[in-house]
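Novice: These are the residues of each chain, in order.
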Amino acid sequence: MRLSRRTLLTTAAALPTPGLFRHARAQSAPTLKIGCLTDMSGPYKDLAGPNAVAAVHQALEEYGVSGKGMAVEVLSADHLNKPDVGSTVARQWFDRDGVDLIVEVANSGVALAVAGVAKEKNKVYINSGAATSDLTGSACNANTIHWVYDTYMLAKSTGGAMVKNGGDSWFFITADYAFGKALQRDTTDFVTSAGGKVLGSVAYPFPGTSDFSSYLIQAQASGAKVLGIANAGADTINTIKQAKEFGIKLRLAGLLLFLTDIHSLGLDVAQGIVLTDSFYWDMNDRARAFSGRLSPKIGGAKPTMVQAGVYSSVLHYLKTASAMGVDKIKLDGAATVAEMKKIPTDDDCFGPGSIRADGRKLHPAYLWEVKKPAESKAPWDYYKLVATTPADQAFRPLDKGGCPLVRS
Amino acid sequence: MMMIFGIPGPLLFGQLLLGLINGAFYAMLSLGLAIIFGMLNIINFAHGALFMMGAFVAWMLLDSFGIGYFPSLILAPLIVGIFGVILERTIISRLYKLDHLYGLLLTFGLSLVIEGLFRNAYGSSGLPYRIPDILQGATDLGFMYMPNYRGWVVLVALVVCFSTWAIIEKTSLGATLRAATENAPLVQAFGVNVPRVVTLTYGAGVALAAFAGVLAAPIYSVNPNMGSNFINTVFAVVVIGGMGSILGSIVTGFGLGVVEGLTKVFYPQASATVVFLVMIIVLLTRPRGLFGRAA
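Here the protein sequences come in this chain order: A and B.
If you read the first sequence in the numbering used here, its first letter stands for residue 1261, the second for the next number, and so on.
If you read the second sequence in the numbering used here, its first letter stands for residue 3, the second for the next number, and so on.
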């Protein structure tokens, strides 16, 4: 390369700048970094996705971080529903970008991978979107909190209610990965312990299946009374639509359904379906107030329980940061999670609650029924309450999960 | 009850029928791909995205203009076909002299862009599209409860596939098309505007994809990812049938639909892979595909 005076000068001017900049920032308050790792393009985009990132910003705004002398930076990324992509992003964030907390991660396979990375790097991971109860069971660790719901909660609330109403024989259509299998396993436990039977199941390839008719016909032929739909997002929508199309006589148990799924299905198809969510935007005054604040920022939509969970968990993390000091919270992820378990939780979405030793956040579970088109008075007015399971009974008992943190 | 391989007979017949229905979509999509590859030598990876666009255009026509399903069956392929013509004229036509790989990469990139734009605008949960009233309901076939709409799909797909085949193989228009691919300068010397023929062929292939998209809209939710779920299987169908073979893609499309349907009964976990297993076997034994002509 020919060296001219101009290139020499520009190189000299450019080189030290980043160093200076970093130095200047290091002298002011340390920056907390929150990474929202979610599905930005796949089947779970609507129930989590960009609106989950908006929920992180909502929490920062309401907590008033700048007024409390904190600087917080938010990153977001798409895990593409691939565990290898998710764990690579998590590693880069923790190692290179100095991220302190990862939130969300809708997809159980990716969530289990990220939980492992958070433990290895001693950072914090708060899951909202993934369902597998293994996150607080055999795969639990001191750096992970499971916030919104899990397969056990869904199985107990929806499965339990179905068996109680005479649905004592089941057939499962299951997404063939960590989440679907955990959901089928947990629901099977409830069905059999209540005296019911599982007559059969199919595990279909995930992702990439859009035709469920073959499995629906097999379910019909099995003679079961209840069809357990152990999948989520766009897959559940297709399963329910096609069950209606083929005149499937089984009662549909949507083991995991989100508000956005009902929105996409339309009440015409979805009416009468029973489902479990731990948050619904219209369930009380506080929830309505929160949804009213967030809704204009997410294109007029109403938040799902996952997005509410992201907001709620970030808020609790910030409270803990205030209590511990930002310097300390950046140093030790396990100590941060231990402190978060000591401080009671309270927010507009889930009300007062707590976090258990195994990392399970506790709050009530609600069984909802989807309204008939005539009963719905406004856009997004979809659910009516059927039953409530109190916080202390909604989740798997602490000693039954096999979490090593509890045994020690 | 009659049992076949330990499976009740009625269940097996039901699965065969369902396989044919899925096969109808494979056949229509792979047909468009075969035409485009045969005439343009372009491996059109944007096919899935254009299929998805067909469904979305039908949804938009209904949502914004109140135009129902049957007019959409004509209008949506026309609109998407015109979009295809613009794509061909402005971008794809620049690649004809290059290796296949460039066309593959370009159309793959185009499909990512198109799907990304739709995902940003409409989300990923999908939009509802009602089955037209006249095709609502179902017929009890004895061994299976058959939704009328799915029966309609199979009928329409058969008619469309075989008339396309007849046009290309049995008419003078088809003869011109085939001649243009064999020896473009000679056909041009006879006064045929070959570049225009090529453009219209691409447009027609794209319109076929969009037509399949409209047919699919009431069955699957109208979803930006609906094309990518199909496209890999459809490429396998084209390879198995023989690249560029029209009849091959139709027969293989329906055939593989049935094979996949049966796998869903015996070992559902493998239903996404069985097509590729068949592909490997065919490539090992007949590298030009089942219906491919020797070079």
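Keep in mind the hints are simulated off the structure, nothing from the lab.
Ideal placement from N, C-alpha and C gives every residue a C-beta, glycine not left out.
Heads up, a few of these hints could be off.
If you want the footprint, here are the derived chain A segments under chain B, 3+ residues with CB under 8 Å [claimed, not checked]:
id, segment
1, 1317 to 1329
2, 1407 to 1418
3, 1454 to 1466
4, 1494 to 1502
Novice: Are the hints correct? Go through all of them and say.
Specialist: Okay, the hints, checked on the actual structure:
no. : hint         : verdict
1   : 1317 to 1329 : violated (count 0)
2   : 1407 to 1418 : violated (count 0)
3   : 1454 to 1466 : holds (count 4)
4   : 1494 to 1502 : holds (count 5)
Hints 1, 2 from the earlier list are contradicted by this structure; the remaining hints agree with it.
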